[in-house]
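Here the protein sequences come in this chain order: A and B.
With full-length UniProt numbering as the guide, the letters of the first sequence map in order to residues 1 to 768.
With full-length UniProt numbering as the guide, the letters of the second sequence map in order to residues 1 to 768.
Take these hints with a grain of salt, some might be off.
For identical chains, the list gives no copy identity; a pair is met inside one copy or between any two copies.
Restricting the straight-line Cα-Cα distance to at most 27 Å, the calculated cross-link-like pairs of lysine-lysine (DSS-like) are [what the hints assert, rightly or not]: (1) 313 with 234; (2) 257 with 543; (3) 76 with 149; (4) 369 with 297; (5) 147 with 38; (6) 518 with 719; (7) 149 with 369; (8) 231 with 466.
By construction, these hints were calculated from the structure, which means they are not laboratory data.
Protein chains: 2
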Amino acid sequence: MNLNKTFCFLFILNTARVLFAQDENPVEYVDPLIGTAKMGHLYPGATAPFGSVQLSPDTDTIPYAVNGRYNRDVYKYCAGYQYEDETITGFSHTHFSGTGHSDLGDFLVMPTIGELHLNPGTETNPDSGYRSRFSHDEEYAEAGYYKVKLKDYEIDAELTATTRVGMHRYTFNKGNEAHIILDLQAGIYNYEEKNVWTFVRVENDTLVTGYRQTNGWARTKKVYFAMSFSKPFKNFGQAKQKTGVYRGFWGRFDQTKNFPEMAGKNLKLYFDFDIQEQENIKIKLAVSPVSTEGALKNLQVEIPHWDFDKVKKQTQQAWNAELSKIEIETLKHSDKVNFYTAMYHAFLGPTVYMDVDGRYRGLDQNIHKAENFINYTSFSLWDTYRALHPLFNILQPDRNTDMISSMLEHQKQSVHGMLPIWSHYANENWCMIGYHSASVIADAIVKDNVNFDTDEALKAMVETAKVSYFDGLGEYMEKGYVPEDVSGASVSKTLEYAYDDWAIAQAAKKLGNNSVYKEFMERSGNYKNVFDKKTGFMRPKLKNGSFKKEFDELDTHGQGFIEGNSWNYSLYVPHAPEEMIKMMGGKKQFSTHLDSLFTMNLPDKYFENTEDISREGIIGNYVHGNEPSHHVPYLYNWTDDAYKAQDKIRNILKLKYQTGPEGLSGNDDFGQMSAWYIFSSLGFYPVAPGSENYALGSPAVKKATVKLKNGNVFTIETKNQSSTNVYVKKVELNGEPITQPFISHKSIINGGKLVFYMSGKPNKNLYN
Amino acid sequence: MNLNKTFCFLFILNTARVLFAQDENPVEYVDPLIGTAKMGHLYPGATAPFGSVQLSPDTDTIPYAVNGRYNRDVYKYCAGYQYEDETITGFSHTHFSGTGHSDLGDFLVMPTIGELHLNPGTETNPDSGYRSRFSHDEEYAEAGYYKVKLKDYEIDAELTATTRVGMHRYTFNKGNEAHIILDLQAGIYNYEEKNVWTFVRVENDTLVTGYRQTNGWARTKKVYFAMSFSKPFKNFGQAKQKTGVYRGFWGRFDQTKNFPEMAGKNLKLYFDFDIQEQENIKIKLAVSPVSTEGALKNLQVEIPHWDFDKVKKQTQQAWNAELSKIEIETLKHSDKVNFYTAMYHAFLGPTVYMDVDGRYRGLDQNIHKAENFINYTSFSLWDTYRALHPLFNILQPDRNTDMISSMLEHQKQSVHGMLPIWSHYANENWCMIGYHSASVIADAIVKDNVNFDTDEALKAMVETAKVSYFDGLGEYMEKGYVPEDVSGASVSKTLEYAYDDWAIAQAAKKLGNNSVYKEFMERSGNYKNVFDKKTGFMRPKLKNGSFKKEFDELDTHGQGFIEGNSWNYSLYVPHAPEEMIKMMGGKKQFSTHLDSLFTMNLPDKYFENTEDISREGIIGNYVHGNEPSHHVPYLYNWTDDAYKAQDKIRNILKLKYQTGPEGLSGNDDFGQMSAWYIFSSLGFYPVAPGSENYALGSPAVKKATVKLKNGNVFTIETKNQSSTNVYVKKVELNGEPITQPFISHKSIINGGKLVFYMSGKPNKNLYN
């Protein structure tokens, strides 16, 4: 048998499988362009699952601040890309997924031909810089692959990536002198002084190493790189820098051209090539949190060849492996696109943060080695504790315990002795409130997904919850609430601390630590201390124990809340809905109250200055585009009107998640919005992570098969499913009717079948 | 037997030994205040032999540049201290010894009482800042120990140090609220943007860690520290910073007080204590080139206790061990002070640059581990190749081979493939000219002091000597000289390259590599290409082969030389004096020419704008205060008038090296000036390192006993020695008369006795 023929035959077979066996190729349903317009804050570029490298086009470089004042326009550019833009400045290697604040955009690479430019130019005059016009007609985004034609240079740019290496293939449709620009000043949420230092060595005519050190959202961030070219460059050089350049003693060396050791605050480099028509230049750029040596090792281990298509294929296979953990049948093709794109977005972060040898930069800025776990970073915990980490306990149990190990190491390295709040790249950025690492850890402990020292974990949670100088926590411990005249957003803080305390108590209970359980159960009741019986809302209290006088329960500003008004935030007692409902007047009154939330009108003025809340994400006064209310539709389950949850949820799934760049109604927030979609599409949701139970809703899929790590399979089936049959007539688990609107984690993890019988009419007595 | 009594008895015995057995306690002759005034650029503080920490008072903080323009006054502050000053700003942990350009001054610590100041204040108004007045009457400096009374606060400040740890003892004569200031902005040769980043963690109430990253003479320098207090502080905080401070999301944290994680461009911290009268606070501050973890380990290993006096004693014992390698008898007490102070200065650098575990930061900014050698940094090679490293081949053979190993690692890490030129703290600062690492390595090879891979070493030398983009080297290789219209100071460069090439050739010869020997011997003749027969001087040549027209052989500026005029530099052919003398008209004419050098008048205008040359260092037109002519007096040995060298040398020893702060006639240049003193006092000098031979001069000692590492002893004895008997009547080596004015390295290293018979009258026929 001829070997070449065999290879050819296998190749065709394989291709056929990819082309025709669609259900085994969910990558085809992923559309990375979803959520790349307006406020989705998603990037369309190439990345591997949970990859360190997110190689993606940036369409502009709006400064974070001008003359020391915050520039509101920057918010649009959290992911570096805005779909409405008409030019691309280049392809940088690190991006957050869907966040509402930003950083990164490290190592911007741009191929050009003709006249050399070392500044990006402007959108209105692209010819003044290295940027290029592009058209969405010539732009293709897949999981792990991105392609665009750079019109100004007639270059086809293609990107793919492994975990730690971004790979570029630039095909030049015109022969000419070509330049590869490497801009170390460019970045996301940049400002004049953001770059602290940049350092580059041209090791030889195909290899460049260096690092970029910034002072941004991460206060002290360092990312190293090793960059390899498929073709030797004939010249290289750097733009003249204003400051921070050592010019050699007596100015003896011209460092601007072919001098292989460069440093300064804002290095911008070029590499020159003679290029024939249709020739291509490939680039591999590896990142490392440790050193250029680490980056070089990552590069050599992960892509020891120059076969771009092979890398693309392997990364897409990796995506298929992740995405096929759930097989679905849907009513519409677009639902499948939304579902797998949500899965894709849910698996973009937290991101791997260590070299192939396990070394990483710790919070103390020292180098540590991850022993027996993968170290992750970029924990957007105020968002992701809600549904993303619970989803990981089902679909990514090993990664989730590794993420927890990463958090525990963070706590050990923290000079505060605290678990992460919002941490990235060896820094705590302190974004948002609460100490929701506790929720993530407790949820895993309660659900028996543990591969870490649980006693240490409990200790870390308790220590975190007792740092008295943290964000009103001292007063919270003393008074049972955060006084608004001590620390702003005091009600939000009180409510979230109370929930986190409950989560700690649940972990303690599971681990048999009764004293911690008791202590934290007591703390978990603190939500009661900010409830104002008179108005029926949660309301900021002052040090002296009285409620703050001025109070507008619709306003999101200055009312004691953060990124939400009292209408939404007053419902934040996920761990004790029954008590909350009693406190708020009982089931009936509460059900009507929820109805009002979804139907009342919320004038623009109440949120127009809030970055994270936009009209697109709102139904009535219910804000889905931001997190605090994500559990709210499911609260109907604790009234006698569970059916009301069902149409609300189906409505949210339909209205707030659509295909196309503008499909998302708010920041995806590192997968939290997507995790909500996945859970809700399947028919259940973790209202209170740390509880064994999920609240049942109304599934949107026709059928879903969840393949669990333990080999079990959990199937969700629907009968009589349609876009109008949004109500649940009955539910059966393994053939037995479910009489309460909840399902336990064990039921899922043990495998089995959940059947929803759907109807166009509510079954008001289903769970009563 | 009572143990306490035993201890007491031993203590008295030991003290007695220290007090009375003076010859075994050379530390007593060391005066670290010598050379601390004017241009000596020496620091008076505490350090261990070749220590990483130089803990020393800084008397002012003159900026290197103001509004981007060089500030000439900064030159005075190369060592941070100027004897004429009346205030001390604090005690910083890193200092260069005697250099003519500077950097460092890291981690300035200052104790104060009363009102808190976080700026140093000014010399004219010390009360406006944390600095204090002091008096030399209350200042004591010893090898490894420094003490001063800070008058403004009535604090007795004492300093000592191990290799990597500085120890402070502050005794408060008044009880009050005390502050310890830690100023990370302060530094030597500072300028507005020098600090790139500073980072501090308050680990607990007695331990602080962090780092300072600067862009100065070392372009990308990072020094880490761990600082431990003997008494817990009750509060701490930082000065408000203009820029580069992350203020926490929503400005929630007040980072200026008791917030244990600080970063920014210019951290200035304070630590508060309640202090009783006569109470003291001790501080240990360890440095590391690697990490705070490394610094902490250094601290724990080197000083695991709080016994200040024990540290002082151990460090002074270490100094005694180093200094007692030569025992001397002198004509005057002051000669002994000068001699041992010169020994002390010769053993201050290069400095150890690695953690106790052998790890250090390499030139590529990655962390390396020194395997089987001690890694050193701060190679002021243009100075130290001349006499200091040759001295090390006699007195510090192991350290010298480790220094060479450090250079070879540097070469491997260098993206240029070059050995160090002037390197410090993982950076090449490119200061001065030539590639004198080659001289250092060749000298060790020729003298059989090798503990490194000699083939690799030869390869590294050859590679270094062929980097065509380095400082006119390409043209030098092509044309046989550096053209002045290509690269300034072209004659100096040509001459020094030629010498270094000869050194490489000597190493190749010794190693049996004939082709390298031939190639570099040929290059070593290039000095001939810049000799102008018409004027009889070395003179700058242009690309077109003609001499540059305008030419003033007395001027040090714009004449093709650097830090020397043609009169001095034209004598720089140390490797071929015979040929040079022939070229310059023969022995007789040359002898007269040298006479003129020592007697002619050099008007101020010719050097008054040259930092490294001052009136104090000049005899006639001979410049001893700077290096290029250090071998010149010995050139008489190649004429028939060797006796003329003898009185010149004794005269230089007498005039240019005196006790007291103003005792030195120029920068000590990391021990080169001192090494000249030591060699010349002993009666011989290495005119051309790389040669087996030393030129004989006129010893100033009465007797010297050199204790060699191999156990041999080499004794220099004089007969009829006096301050006027400066001429040598005859010399005997092991009883045999010496008939040429040279002695070989082997003669020394094999041990033996060299006897000089001194006279008030020259013996003109001694070597003829």
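Hints, one by one, checked against the model:
1. 313 with 234: Cα proximity of residue 313 and residue 234: none, with 32 Å in one copy and 60 Å across.
2. 257 with 543: between (64 Å within a copy, 22 Å between copies)
3. 76 with 149: Within one copy only: 23 Å inside a chain, 60 Å across chains, cut-off 27 Å.
4. 369 with 297: For residue 369 and residue 297, the Cα distance is within 27 Å both inside one copy (15 Å) and across copies (18 Å).
5. 147 with 38: For residue 147 and residue 38, only the intra-copy Cα distance (21 Å) is at most 27 Å; the inter-copy one is 66 Å.
6. 518 with 719: neither (45 Å within a copy, 93 Å between copies)
7. 149 with 369: neither (41 Å within a copy, 47 Å between copies)
8. 231 with 466: between (57 Å within a copy, 26 Å between copies)
Violated hints, in rising order: 1, 6, 7; the structure is consistent with all others.
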